[in-house]
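K.L.:
Quick note, the sequences are listed as chains Z and H, same order.
For what it's worth, this note's numbering labels the leading residue of the first sequence as 335, then goes sequentially.
For what it's worth, this note's numbering labels the leading residue of the second sequence as 335, then goes sequentially.
Quick caveat, the hints were computed from the structure, so don't treat them as lab data.
Be aware that one or more of the hints could be misleading.
Any copy, or any two copies together, can satisfy a pair, since identical chains are not distinguished.
[Unchecked claim] Within a straight-line C-alpha distance of at most 35 Å, the following computed DSBU-like cross-link-like pairs (lysine-lysine) qualify:
{"hint": "1", "residue 1": "Lys554", "residue 2": "Lys650"}
{"hint": "2", "residue 1": "Lys504", "residue 2": "Lys377"}
{"hint": "3", "residue 1": "Lys417", "residue 2": "Lys518"}
{"hint": "4", "residue 1": "Lys366", "residue 2": "Lys504"}
{"hint": "5", "residue 1": "Lys650", "residue 2": "Lys366"}
{"hint": "6", "residue 1": "Lys650", "residue 2": "Lys354"}
{"hint": "7", "residue 1": "Lys539", "residue 2": "Lys350"}
{"hint": "8", "residue 1": "Lys504", "residue 2": "Lys362"}
{"hint": "9", "residue 1": "Lys377", "residue 2": "Lys654"}
{"hint": "10", "residue 1": "Lys650", "residue 2": "Lys561"}
{"hint": "11", "residue 1": "Lys354", "residue 2": "Lys539"}
{"hint": "12", "residue 1": "Lys458", "residue 2": "Lys350"}
{"hint": "13", "residue 1": "Lys386", "residue 2": "Lys664"}
{"hint": "14", "residue 1": "Lys417", "residue 2": "Lys390"}
{"hint": "15", "residue 1": "Lys378", "residue 2": "Lys418"}
{"hint": "16", "residue 1": "Lys539", "residue 2": "Lys554"}
{"hint": "17", "residue 1": "Lys659", "residue 2": "Lys417"}
{"hint": "18", "residue 1": "Lys461", "residue 2": "Lys417"}
{"hint": "19", "residue 1": "Lys659", "residue 2": "Lys350"}
{"hint": "20", "residue 1": "Lys682", "residue 2": "Lys366"}
{"hint": "21", "residue 1": "Lys654", "residue 2": "Lys558"}
{"hint": "22", "residue 1": "Lys558", "residue 2": "Lys656"}
{"hint": "23", "residue 1": "Lys656", "residue 2": "Lys719"}
{"hint": "24", "residue 1": "Lys719", "residue 2": "Lys461"}
{"hint": "25", "residue 1": "Lys405", "residue 2": "Lys561"}
There are 2 protein chains.
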Amino acid sequence: MFDYDLYIPTHVIFGKGRIKDLPAQLSKFGCKVLLTYGGGSIKKIGLYDTVKALLKDFEVFELPGIEPNPKISSVREGVAICKKEHIDVILAVGGGSVIDASKNIACGACFDGDPWDLVLDCSKVEKALPIVSVLTLTATGSEYDGSAVISNPETNEKLPLFGTGILEPKVSFLDPEYTYSVPKSQTIAGAADIISHTLEQYIVKDGNILTDAMCEGVIKTVIKYTKIAIEDPCNYEARAQLMMVSSYGCSGNLATGRTPSPWVCHAIEHEISAYTDITHGYGLAIITPNWMNYSLNEDTVDRFYQFAVNVFDLEKSSDKMKVAKAGIAKLAAFYKEIGLPTTLSELKVCSEHFEDMANHVLTHWQPLDTAIRPVDKQGILEILKASL
Amino acid sequence: MFDYDLYIPTHVIFGKGRIKDLPAQLSKFGCKVLLTYGGGSIKKIGLYDTVKALLKDFEVFELPGIEPNPKISSVREGVAICKKEHIDVILAVGGGSVIDASKNIACGACFDGDPWDLVLDCSKVEKALPIVSVLTLTATGSEYDGSAVISNPETNEKLPLFGTGILEPKVSFLDPEYTYSVPKSQTIAGAADIISHTLEQYIVKDGNILTDAMCEGVIKTVIKYTKIAIEDPCNYEARAQLMMVSSYGCSGNLATGRTPSPWVCHAIEHEISAYTDITHGYGLAIITPNWMNYSLNEDTVDRFYQFAVNVFDLEKSSDKMKVAKAGIAKLAAFYKEIGLPTTLSELKVCSEHFEDMANHVLTHWQPLDTAIRPVDKQGILEILKASL
């Protein structure tokens with residue numbers, strides 16, 4: 335059993351129509367609100383109007399246009415508003431990108447310097463404005479954790495921002511109906527994101543009965559309900575199940591007591607989307623099975639065997655390696671079945687920057703030698719080339 | 335999928351020797367500390383001295399002698415100290431009883447009236463002193479939730495106190511080594527408590543893949559590691575696994591999205607221990623299999639069948655009822671194997687107050703008609719009589 339800290343001071347309010355409590359929750363933190371959102375989908379589904387009506391007694395400033403793979407430029411814009419207008423609380427209405435950007439804005443507003451410095455050195459994250467989130471996309475789990483990912487196109491960098499106990503939203507409203515209009519392309523990207531978060535923590539040397547079961551439960555849920563959500567986008571049960579399990583992804587629950595993981599797939603995918611701006615979930619869907627194949631060997635077979643038997647119900651056998659390989663193939667087949675890309679080439683990503691990407695992982699990410707099969711520069715390149 | 339709130343603003347710090355961070359954590363809340371503990375076991379294991387040494391720069395007041403099934407008299411004593419000495423933070427060092435009493439003290443200190451009134455009407459719990467806990471007994475999960483159970487011997491009442499978002503410890507130190515000296519009698523009572531918390535939430539009409547897996551994982555962990563902890567009380571891994579899963583018991587995680595449960599076994603057991611002061615876990619071990627047998631019928635068989643197959647690895651069969659019954663028998667056999675009592679008679683509890691108990695459940699507990707098989711007065715008496 336490994337030591338752990340578990341700390342998620344977010345009040346999750348889950349269910350249809352529960353946004354009616356937004357004014358009561360927001361008012362705990364003040365009356366000057368920065369409303370952050372993305373490209374306008376919240377206007378299409380009427381959520382923008384709902385929120386504005388609920389905020390009639392608040393003073394509301396807006397930061398629209400936060401993009402996927404959120405950029406430091408949006409963060410800087412938000413920080414400037416917070417400082418100028420003395421914002422009390424940030425209301426993030428959107429998916430992981432909007433919430434992530436809001437986290438960097440929240441700590442940037444309390445920091446005497448450029449918010450990118452906080453990403454480069456997270457020990458500087460000491461204080462942040464409170465954040466309330468309204469989730470509209472099921473994927474990153476940012477609504478229930480204290481981390482974010484921010485991109486800096488000027489330096490081709492996409493890096494994590496950590497602030498446990500500081501950056502978690504104070505309150506997160508999770509209403510599955512807000513995800514009814516999420517298109518198939520984003521629903522499947524979200525599925526790959528949730529599964530990847532889980533596998534990064536599941537595929538480690540030592541697990542335990544409880545969190546093994548949790549990880550397997552998350553993945554089985556995603557496999558079952560993504561198919562239903564694609565066929566029937568307004569299926570409440572499917573959208574609800576996906577929303578519920580996605581919150582667990584990065585919350586720390588799935589990692590309690592397990593061998594700490596260096597999140598190899600995320601290390602590599604962040605490089606790809608920093609250089610090419612591809613959808614994060616697509617990159618993960620491509621990288622993950624190749625990382626699993628790279629990691630599978632005689633020493634690690636037991637964990638992949640367990641994955642195959644418990645997640646895909648493959649028959650137990652004395653030939654564990656065969657079953658383990660079949661489990662990875664099943665995952666890849668699921669990704670293909672729901673319409674995810676299976677190679678980088680499909681996304682027009684070529685090998686041009688692979689060397690730079692590998693070097694950048696080694697200098698800017700935590701060491702990958704704690705992975706179930708240690709990964710060095712050669713390993714990164716091997717996984718990238720297998721993904722082409 | 336049912337609506338849910340999930341909110342556990344407790345920072346869990348898990349691992350051997352991590353108490354060294356106690357001064358840094360406590361000092362966030364002030365310098366005047368009320369140290370609460372039980373019958374002196376923390377002195378025997380040296381923890382009292384450790385804590386006192388760590389608190390050398392704090393002003394410390396003490397409330398020792400908090401008993402199992404903690405009494406309102408201890409709570410009143412603690413409230414008086416808090417009010418008189420203007421205590422900043424309560425440091426609860428002990429098991430569930432010490433932490434539970436501390437929760438009632440914490441809100442009682444901020445309440446202008448008798449703390450028993452807060453138990454009788456939890457809507458009055460609006461504010462509380464911060465609590466930091468150091469756990470020495472693995473059972474109730476009080477270290478990671480916002481509820482407590484308080485007894486009033488004058489009125490033969492044992493009632494829950496709820497204060498989600500207010501009564502959770504701010505920080506809980508979980509060091510498995512502090513449970514090495516817990517005797518077998520309490521280790522097995524803790525096992526029954528954890529399993530009961532889980533089954534109260536698992537045996538409901540509608541579950542879901544994730545939390546079904548979590549519940550099954552908790553129970554499997556308890557079954558495996560309780561046996562090891564009994565044989566080898568200083569086995570770190572066993573004590574650690576039990577400590578980790580016990581925190582999940584009442585945290586809300588196991589209930590997310592499921593049919594809300596009225597906690598039938600707890601309703602009945604609280605009556606028994608209010609009248610007789612028997613060990614809570616013993617009462618639960620006796621009641622639980624009888625409640626399960628009461629609840630098993632053609633309409634509910636699927637859930638008990640799943641329990642039997644997933645927790646006890648019983649072979650799948652078309653005769654679900656037979657497998658379901660065997661699963662319940664397996665649980666009862668496990669309780670017996672580890673030395674738990676299986677009948678109330680063994681604890682010298684007779685049927686004298688059964689009528690009063692049943693009446694009190696119906697007037698003071700939430701309605702039991704939402705249970706997987708609704709329970710009326712006749713049902714309570716049936717379960718009690720089967721437990722004799």
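K.L.:
Does each hint hold? Answer for all of them.
P.N.:
Here's how the hints hold up against the structure:
{"no.": "1", "hint": "Lys554 to Lys650", "verdict": "both (18 Å within a copy, 20 Å between copies)"}
{"no.": "2", "hint": "Lys504 to Lys377", "verdict": "within (24 Å within a copy, 39 Å between copies)"}
{"no.": "3", "hint": "Lys417 to Lys518", "verdict": "neither (38 Å within a copy, 59 Å between copies)"}
{"no.": "4", "hint": "Lys366 to Lys504", "verdict": "both (16 Å within a copy, 28 Å between copies)"}
{"no.": "5", "hint": "Lys650 to Lys366", "verdict": "neither (59 Å within a copy, 59 Å between copies)"}
{"no.": "6", "hint": "Lys650 to Lys354", "verdict": "neither (50 Å within a copy, 46 Å between copies)"}
{"no.": "7", "hint": "Lys539 to Lys350", "verdict": "between (40 Å within a copy, 21 Å between copies)"}
{"no.": "8", "hint": "Lys504 to Lys362", "verdict": "both (10 Å within a copy, 19 Å between copies)"}
{"no.": "9", "hint": "Lys377 to Lys654", "verdict": "neither (51 Å within a copy, 51 Å between copies)"}
{"no.": "10", "hint": "Lys650 to Lys561", "verdict": "both (26 Å within a copy, 27 Å between copies)"}
{"no.": "11", "hint": "Lys354 to Lys539", "verdict": "between (45 Å within a copy, 28 Å between copies)"}
{"no.": "12", "hint": "Lys458 to Lys350", "verdict": "between (38 Å within a copy, 28 Å between copies)"}
{"no.": "13", "hint": "Lys386 to Lys664", "verdict": "neither (45 Å within a copy, 56 Å between copies)"}
{"no.": "14", "hint": "Lys417 to Lys390", "verdict": "within (22 Å within a copy, 41 Å between copies)"}
{"no.": "15", "hint": "Lys378 to Lys418", "verdict": "within (30 Å within a copy, 58 Å between copies)"}
{"no.": "16", "hint": "Lys539 to Lys554", "verdict": "both (21 Å within a copy, 20 Å between copies)"}
{"no.": "17", "hint": "Lys659 to Lys417", "verdict": "neither (54 Å within a copy, 65 Å between copies)"}
{"no.": "18", "hint": "Lys461 to Lys417", "verdict": "both (14 Å within a copy, 32 Å between copies)"}
{"no.": "19", "hint": "Lys659 to Lys350", "verdict": "neither (41 Å within a copy, 38 Å between copies)"}
{"no.": "20", "hint": "Lys682 to Lys366", "verdict": "neither (44 Å within a copy, 63 Å between copies)"}
{"no.": "21", "hint": "Lys654 to Lys558", "verdict": "both (25 Å within a copy, 24 Å between copies)"}
{"no.": "22", "hint": "Lys558 to Lys656", "verdict": "both (24 Å within a copy, 29 Å between copies)"}
{"no.": "23", "hint": "Lys656 to Lys719", "verdict": "within (24 Å within a copy, 54 Å between copies)"}
{"no.": "24", "hint": "Lys719 to Lys461", "verdict": "neither (41 Å within a copy, 58 Å between copies)"}
{"no.": "25", "hint": "Lys405 to Lys561", "verdict": "within (31 Å within a copy, 53 Å between copies)"}
Of the numbered hints given earlier, the model fails hints 3, 5, 6, 9, 13, 17, 19, 20, 24; all others are met.
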